[in-house]
Each structure stands twice: as C-alpha cells, then as structure tokens.
Amino acid sequence: MTSQERSIHRVTTTIAGIIALLLSVLIPAGYFSVSYQYMVGSLDSQAEINAQAITSLVTANPTMWYFEQIRLAELLERRSSTEISEGRRILDRQGSIIAEHVDPLAPPIVVRSHDIYDAGVSVATMEISRSLRPLLLETAGIAFGALLCGGLVFVVLRTLPLRAVRRAHRSLTESENKFHSIYDSMKEGLALYRIVTGPDGRAISFSVIEVNPACESILGQKRQDVIGSDGAELFNGAILENLPEAVRIMGSGEQYTFELEQPETKRCFNVSLFSPQEGLFATLLEDVTERKKYEEQIQRLAYFDSLTGLPNRSLLLDRLEQALARAARESGKVAVLFLDLDNFKDINDTQGHASGDLLLMAVAKRLRSCIRTSDTLARLGGDEFVVLLPSIGEELNVAHVAQNLLDCIEPPFEIHGRDVYSSASIGIALYPEDGRDVETLLRSADMAMYAAKDCGRNAFNFFSQEMNLKAHDRMELETELRHALERKDFLLEFQPIMGAGGDEIVAVEALVRWQHQRLGRIMPDAFIPLAEASGLIVPLGEWVLRSACQKMKAWRDAGLVPLRVAVNVSARQFGQSSFVDTVSSILDETGVDPRYLELELTETTLMVSADATVNTLFRLKALDLSIVVDDFGAGYSSLGYLKNFPIDRLKIDRSFVRDLCNNSNDRAIVEAIIAVASRMRLEVIAEGVETGEQLAFLQGQGCLEFQGYHFHRPMPEEQLLALLREAPEKAAVA
Amino acid sequence: MGSLCRITRTVPVLFLMICIAVLCADGEGALGAETVRINGSGCALDMMEPLVVSYRKIRPDVRIVMEKPLGSSGAIKALVAGVLDIAVSSKPLKPEEIAQGASAREYGKTPVLFVTHKNVHRTDISTREAEEIYRGRVRTWQDGKPLRLVLRPEGDVDTTILRGLSPGMDTAITAARNRKGMIVAVTDPESNEMVAATPGALGTSGLTSLLVDKPALNRLSLNGVKATVKTLASETYPLAKDIRFITTKNTPPAALKFLEFVYSAQGRALAEKSGVLVSVRDRGDK
Numbered sequence: 181m182t183s184q185e186r187s188i189h190r191v192t193t194t195i196a197g198i199i200a201l202l203l204s205v206l207i208p209a210g211y212f213s214v215s216y217q218y219m220v221g222s223l224d225s226q227a228e229i230n231a232q233a234i235t236s237l238v239t240a241n242p243t244m245w246y247f248e249q250i251r252l253a254e255l256l257e258r259r260s261s262t263e264i265s266e267g268r269r270i271l272d273r274q275g276s277i278i279a280e281h282v283d284p285l286a287p288p289i290v291v292r293s294h295d296i297y298d299a300g301v302s303v304a305t306m307e308i309s310r311s312l313r314p315l316l317l318e319t320a321g322i323a324f325g326a327l328l329c330g331g332l333v334f335v336v337l338r339t340l341p342l343r344a345v346r347r348a349h350r351s352l353t354e355s356e357n358k359f360h361s362i363y364d365s366m367k368e369g370l371a372l373y374r375i376v377t378g379p380d381g382r383a384i385s386f387s388v389i390e391v392n393p394a395c396e397s398i399l400g401q402k403r404q405d406v407i408g409s410d411g412a413e414l415f416n417g418a419i420l421e422n423l424p425e426a427v428r429i430m431g432s433g434e435q436y437t438f439e440l441e442q443p444e445t446k447r448c449f450n451v452s453l454f455s456p457q458e459g460l461f462a463t464l465l466e467d468v469t470e471r472k473k474y475e476e477q478i479q480r481l482a483y484f485d486s487l488t489g490l491p492n493r494s495l496l497l498d499r500l501e502q503a504l505a506r507a508a509r510e511s512g513k514v515a516v517l518f519l520d521l522d523n524f525k526d527i528n529d530t531q532g533h534a535s536g537d538l539l540l541m542a543v544a545k546r547l548r549s550c551i552r553t554s555d556t557l558a559r560l561g562g563d564e565f566v567v568l569l570p571s572i573g574e575e576l577n578v579a580h581v582a583q584n585l586l587d588c589i590e591p592p593f594e595i596h597g598r599d600v601y602s603s604a605s606i607g608i609a610l611y612p613e614d615g616r617d618v619e620t621l622l623r624s625a626d627m628a629m630y631a632a633k634d635c636g637r638n639a640f641n642f643f644s645q646e647m648n649l650k651a652h653d654r655m656e657l658e659t660e661l662r663h664a665l666e667r668k669d670f671l672l673e674f675q676p677i678m679g680a681g682g683d684e685i686v687a688v689e690a691l692v693r694w695q696h697q698r699l700g701r702i703m704p705d706a707f708i709p710l711a712e713a714s715g716l717i718v719p720l721g722e723w724v725l726r727s728a729c730q731k732m733k734a735w736r737d738a739g740l741v742p743l744r745v746a747v748n749v750s751a752r753q754f755g756q757s758s759f760v761d762t763v764s765s766i767l768d769e770t771g772v773d774p775r776y777l778e779l780e781l782t783e784t785t786l787m788v789s790a791d792a793t794v795n796t797l798f799r800l801k802a803l804d805l806s807i808v809v810d811d812f813g814a815g816y817s818s819l820g821y822l823k824n825f826p827i828d829r830l831k832i833d834r835s836f837v838r839d840l841c842n843n844s845n846d847r848a849i850v851e852a853i854i855a856v857a858s859r860m861r862l863e864v865i866a867e868g869v870e871t872g873e874q875l876a877f878l879q880g881q882g883c884l885e886f887q888g889y890h891f892h893r894p895m896p897e898e899q900l901l902a903l904l905r906e907a908p909e910k911a912a913v914a
Numbered sequence: 213m214g215s216l217c218r219i220t221r222t223v224p225v226l227f228l229m230i231c232i233a234v235l236c237a238d239g240e241g242a243l244g245a246e247t248v249r250i251n252g253s254g255c256a257l258d259m260m261e262p263l264v265v266s267y268r269k270i271r272p273d274v275r276i277v278m279e280k281p282l283g284s285s286g287a288i289k290a291l292v293a294g295v296l297d298i299a300v301s302s303k304p305l306k307p308e309e310i311a312q313g314a315s316a317r318e319y320g321k322t323p324v325l326f327v328t329h330k331n332v333h334r335t336d337i338s339t340r341e342a343e344e345i346y347r348g349r350v351r352t353w354q355d356g357k358p359l360r361l362v363l364r365p366e367g368d369v370d371t372t373i374l375r376g377l378s379p380g381m382d383t384a385i386t387a388a389r390n391r392k393g394m395i396v397a398v399t400d401p402e403s404n405e406m407v408a409a410t411p412g413a414l415g416t417s418g419l420t421s422l423l424v425d426k427p428a429l430n431r432l433s434l435n436g437v438k439a440t441v442k443t444l445a446s447e448t449y450p451l452a453k454d455i456r457f458i459t460t461k462n463t464p465p466a467a468l469k470f471l472e473f474v475y476s477a478q479g480r481a482l483a484e485k486s487g488v489l490v491s492v493r494d495r496g497d498k
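For the protein sequence lines, the chains are A and B, in the order given. Under the working numbering, the letters of the first sequence match residues 181 to 914, in that order. Under the working numbering, the letters of the second sequence match residues 213 to 498, in that order.
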C-alpha cells in the first residue's frame, strides 16, 4: 500500500467515523432533546391549565375549596390521555398534599409545577410529574438503532469509497502496467520532450524526458544517457528542424509527420510528432525501412518488367504523360521510338524460351547503354521496346539515336555459348507533329515500326514521310561526312587579321572547307552542325588543328615570318577530357611555336562548365598558346569569366560590327567591350569589318586588330602565301 | 419549698386559662347565637334542610351553616381540620380518618335512582339497558334523540353504588369513564342541575334531593321498581347510599345538641319524610 493509498484510507476512515459518530449521537440526542422539551412543555402547559382551573375553584370557594376533594380529584383525574403515567398533586404552601392523582412512576421523574392563586396570593401549587424512563428507554432504543445505522453508514462510507479507490487504483495500476508493457514492447521508438523557452517565452530548444527501449535502440544510447539531454542533438538535429511545427501543434491535437533517414544505419523512419499536453511534445519513430523496400519492390513489380528490369507499359505511359505535359508547357519536342526485334520469334521457336529471355535481357542491356539517363527505355512485352526521348532538340537527332540503337543490336549476342544475331525495326513518332497524346503517339510509332519492317527490317522509320526524307538525307550526308574524314576531303582556307593600321596582316584564322567529290566545295555552315550533332566534330576539329599546325610549320620552314594562326574549337571538342593532351600532342608532333597558335572558343563553350573550363584553359595556357573568345557579345558576355579565365583576346561578334554605323546601341556595346578589354589588358579583334567607316570607328575606339571583307575574304593557302610574300616585312613586325 | 414553688408557678397559668375561658364565653354570648357548621354529601345535606328548619324553631339561638356540599371525603377532612363541626357522609371512615379523631354514627340510607331530562319520555330503565348505555352501545333514546350521559367522579359514592349494581355495570362505567368528552358532575346538586339543563340527559340522584329540592327531573324506576323508602326497606330496590354523621371530640356541644335532635324521633320522622330509610330507632342505638 502506497503512502497515498494509506492517506486516502486514513482520511476516508476518519470521515466515515465522524459521520457515523454524529449519526449515532445526534439522532438519539436530538430525539431525547426534542422529546424532553416537548414533555416539559406539555407538563408546563398542563400544570398551568390545571392551576388556572383550581384557581377558579379557589376564587369560587376561597374558604372551603381546600376540602372539595371530589372536585379536585376529578380535576386532577381529567387528562387528555391516560396512556401516559403521570402524577398530579395539589400541595399547600407547607408542601402538604391537598389532593392527588398519582400513577406509579418509575424514576427518574420530571416535575413541573405552577402556583394556584387566591386573589393574587399563592395559596397552593399544582405539581405534575412524569417518569423520564419511557423517554430514556425510547432514546436508548433509538440510540441502539442509530448506532446500528451509524455502524452501517461507517461501513458503507468507509468500505465503498475505499473499494472504489482500490478498484480505481488496481485499474490504474493495470492500465499503467499495460501501458508500460506496450510502451516497452512497442516496436516504434517513442520519445517525450519538454520544450525549453527563452526569456521572451519563445521555444528555443527542448530536452528529452522519456524514451522507450525501442527509441534507445534507434538512438544507440542508454535511456539514462539520453534523458535530460538536449534534444537538439538527436538525429543530427532533425527533430530540432521541426521544432516550429512542434510549437505550432502544441495543444491542438494535431499531428505532424515527416520522414527521417539515419544514414549511419541506413534506416528510414516515419516520424509522427504530436503534443500530449501543453509544453510537451513526443515523437513516434516508426521504422519504415523494410516497408519502403517493400514499396519499392511493389513499385518495381508494378512499374518495371521483371525479366529485363526495364520500366513496363504503366511506367512508360506515366513518364510519357509527364514528358508530353512538360513539352506542352515548354513548347518542347518529344520522340517515341517503338522498337521490335525482327527475328525474335524464330529464336524463341528454335532455341527455346529460355534463350529468348536471355536475348531479351541482353538486348535490353545494350539498348540501355545507348540512351541518356534522362531517356526512358521500356519493355512493353514480348520483343517490343519503346524508347522515350523527352527532350530531343532537333528532330533529326532522333535518327541518330535510332541508328545507334540499331547499331548496338547489330553485334552478335552470346546465348548459351552460341552467337545469336538479331536486328530490330524502329518506328519513330514525334510530339506534337505525329500525335498530341500518349495513345496517338504510341500508335503512330507502332505504325511507323511496321512501316520499317515492311521496308526490309533493321531500319528506322519516321511516322512522317517528310521527316523520313530529311532524316535519310541527313544520314546520308553524315555518312559522307564520315567518309570525307576518312578520305581527308577537307581543306583549310585562311582569312587574314589586320593590324591597327589596317594594312598589315598580323594573324590569320584557319577556316575548314569540305571539298565534296560530287557537290564541290561545301561551306562550314552546311556541315559543321551535322558534324557537331554526330560527334564527327571531334575528329574534324582535331584534323583542322593538326592541319593548321602543319601549315604553320610548313610556312615557317618555308622561311615565312611567323604568323599567329587562329583555330576554332567546338564546344564538344573542348569538352573532351583529352583535348589538352591532343593539342599538346599536335604541338609536339608538328613542332610549331605555340605562341603563334590561337584557339578560338565561343562564350557558350566556355560557360558549359565553368570549373572544368578554367582548368582546361589554364592547362592550355600552360602550353604557351593564346586563347581568344570568339563572337564576344553574342553569348553570355559574363564579365566574371573575363576576370577568372586566362584569356588573351576578345573577338567582337560580327553582328555588332555590321550595324555599327547605324545603331547607336551597337556602337555603345562595341565601345564598352573595347574599353573593358583595354582596362583588363585584353586585346580586341573586330570581325566582320566590311567598310572603311566601320574601320575608322573601331580605330577611333582603340581597337587594334580587324578582320573582314573590307580587307580580305577567306582565301586558299596559296593566295595567303602570295599575300604574305608581298608584305613580308609588315607581317614580321606584327 | 418545692410545693410552694410549684404553686407559685401553677397559679398564674390557671388564672390565664380562666381568663381566656371567660373571654371566649363572653365572645359567644356577644354574638347572641351558637353556630354549627355542617357539610358533607350533597344528598345528605338535602336531607338536613327540613331538619335544620325545624331545629331553628326549637333553638333559634343556634345558627346552622351548610355551605355548598364538599362531599363526604372533603367534609371529613374539613371536620378533622376543625373547619366543620359535623360532617354528613355517605362513605365509611377510613382508618387514617379514625386515627385523626373522627368517629361515625350511622343514621340511615336513601335510594339512588336514575333520572332524566324532562324531555325524555321514559319511566323505567333496566339494568341491562343501563349497562348498554354506560358501555356506549346505546347513544340515543328510543325516539331517536341523543342520549347524554352525566357521570359522577370516580371517587364519588354514587359511582361506587352504580358499579355495585351488576358486574356488567361495573365494566360499563369504566368504559364510560374512559370515553372522551363525557359530562361529569362533581356534586349531587351539580348533577341534578346538569341533567335538568341538558336535553336527553341521563344521570343519577339521591331520592332526598328530589324530594327536598324538587328539581325538574324525570325519575326512572329500575327494572320496574320505583325508588322509594318502602322498596328500599323491602330490599326490592337495590341502589342506596348510606347517611352517617361524623364528629370528633372537638365537636361543640351545640352541634351535639343538634345531632340529638336529628337522631330524635322528630328528627327521624323528618328524615324519613325526606326519603331516608332511617336505620336508628332509639337514641343511642346503632
């Protein structure tokens, strides 16, 4: 029994005892008191009434009333009730009995008297007596009853509340035990916190006041170590981050839920935050690691093909839906490539389903390696695959992707030790041209795929005939470009860059030309984009750089004055991790003085990856060559990179120079570029100078080098060499 | 010496006593008449009325005073207390009264009878009927008028006499006394007055009161026997109360003289005329 229970027991017993005692005493005492008062009052009244009657008798017969025995006796005898024994006496002044009517009375006796008067003089006394014993016996009986009643009340008042208290306590104990049992055995970690407030009453932190065993396990700390500690440190401050939410829901009965990951244990918890009472809040940590795994597994089963691990039709439709929504929002384009293996049924039939499955898995693996991570490769079932290209830029790039997919399937697959050859037919549908919704696009791609099969298989086919023509033309051109590279069907032309005076060649820009066997000379605008899209720009750029260096070496060997040669570098080329090594190798290989080699990079190229760019630029500078920013002003024109990048020259974009004389804005831009470059000790080259007026303005602004038709068009090497020989001295000075 | 001293002390005492006796004799003589105070039972006092009138003619110097009747017990008490000279009682003396010096001398008895209000047209009542009436079972007369019973106190001799009429009457009277709101007349005259004044009333009375006072009452015979001295003497009428005279040694000679007259043949004749069956025939006989 606890001290609290003992206290309740004591208080209850005391109260019950007091009430029982009061009942036992007050009832008989009250009864006796009231009855006694009534009896005394009754005796008083009767004594007075009798005394008055006798006084009347005295008045009527003052001398002989004393001897009117019969009359006095009759008066004494005359009573309202004869059931109560009474003694009635008339006593003279000496106390002698004049008349009496006395019933046997048991002591104790109560006596009340009243005087009898003769003309105002007391001549006798009327005395009435009654036994107190009946009242005492009644009182004793009532006292006994009251005692029994008091005892009963005591038992009831003491027993019932104590029984209720015991029951409540037992229930509370059982409840507490159950709670503790549940609390201790629950898998969820439960922690209770008390909010710590600052001087202004705002919550600043919280301390741990209770944790259950599961929470101990999650925290990896003992309960005694955790309790009292600053809760802000728990879970790397994850609970602290949600303190505002804990304050917000304080006392509201709301619950706030968030997810908590524990990287060190690779566990994931669903944390429910609630406030059991004002000033306190609790966190219930449910370990959902396994559940998440199951969910992922379910999702995988629901959205992924179990054989290949590729997204299934459901996921494809979902992603396609999202891609179309985004494309509609951003006015983009989406391509859907429907791929079907050409001879899969034969393989299945001849080599069995197991081999067929292995082939499908191998095909899926290869296809996956051919697409970007942002693309989706899905298996619809059987030997049907779909590739979703959510952002394709130029439509014709899709043809490259399709061709790549066909190419990657082309090598034989080793299935059960045997080489299995396979091919595929691809149908291509484009959003929005070939369909604006998922079903239409897939149907269009499917139809295009069957068209490809009809055309002889192992091919791709656009849903749109126009696109088919364009794509095949381009593919043909690309093939020719590839062959041209192999055959070295390219040549370089050079456009002189003039010095400040405008009459001396200080440098040349090497420009590539395709000498097509059938079409003749093709300008770069016609094939460079294709080369960039197909990746041929890398070998092409390398060829240009190498050829330029070889020319420089040849010119030097021919005794010409060394001349700076600028070579354009494409973004894709610059992005090659081996680019610097390639340049270095070519320099070594050709033996040219790197100081005369200039690499022209567009702003866009520089800004692809600023960190990587800085690194590459400094490595190039380490080779002692020059860096020129081409088309400056047409791209990002961030002044920041001018400061950070090791740049030697800026080449003002021809668009500003062209309208220089007509457009004040262009003039202002050109002035600003020249001024900034001058302050940063960068040289400025103006390209596209076509008039003397433009030249005069640029010269007036302090521009030192010019390039454009006003001086020379790009020219073959022979023409350049002749030009250089005409003014060898000027070139040497430059 | 001793005798002389005794004489010298005794002489003044005797002288004083003689003086007081002379003064007392002078006093009485001064009043011119002797007074005899008589009281007692109302019925007996009624009997005394013609005796007193006759005696006054013989001894006009003697003034006989009879106030309102005190009843037998009260009169004896007053006698013992010296307030009366003669008590006329219907009750025998109690031992304590004898011890106090009272002595009785029988005289006779008078019938006790049922009487009604004048409006009650009855002449007879049976014992059985009387029992039913006193028991409360009969509360109206035969003509339907209410019957109002006038009781006497428990200690009164009339009540005792009635109780002795029959065992049923004894219990019937007890029942009547226990009934609430009953009319109780303390003395004989009061009883007669109440019966005479109360319509439908039934009570008891001594024959002497009826013969002397002549109240307006309707007398009832009992079981067909009229209450007369003759029927009493022949013992055919059962209800009667005694009359005896109580005196003490202090009773004055005048009073004793009067009693001699009462017990004389003249006195007895007067008494019998008043409805008393005198039991004393010769003076000194009992």
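Derived from the structure by calculation, the hints contain no laboratory data. Check before you lean on any hint, since a few could be wrong.
[What the hints assert, rightly or not] Okay, derived cross-link-like pairs now, SDA-like style, lysine to any residue, Cα gap no bigger than 25 Å in a straight line:
#1 A:402 <-> A:483
#2 B:280 <-> A:456
#3 B:280 <-> A:773
#4 A:801 <-> A:773
#5 B:392 <-> A:226
#6 B:392 <-> A:281
#7 B:280 <-> A:277
#8 B:426 <-> B:336
#9 B:280 <-> A:232
#10 B:426 <-> B:443
Earlier hints that do not hold, by number: 1, 2, 3
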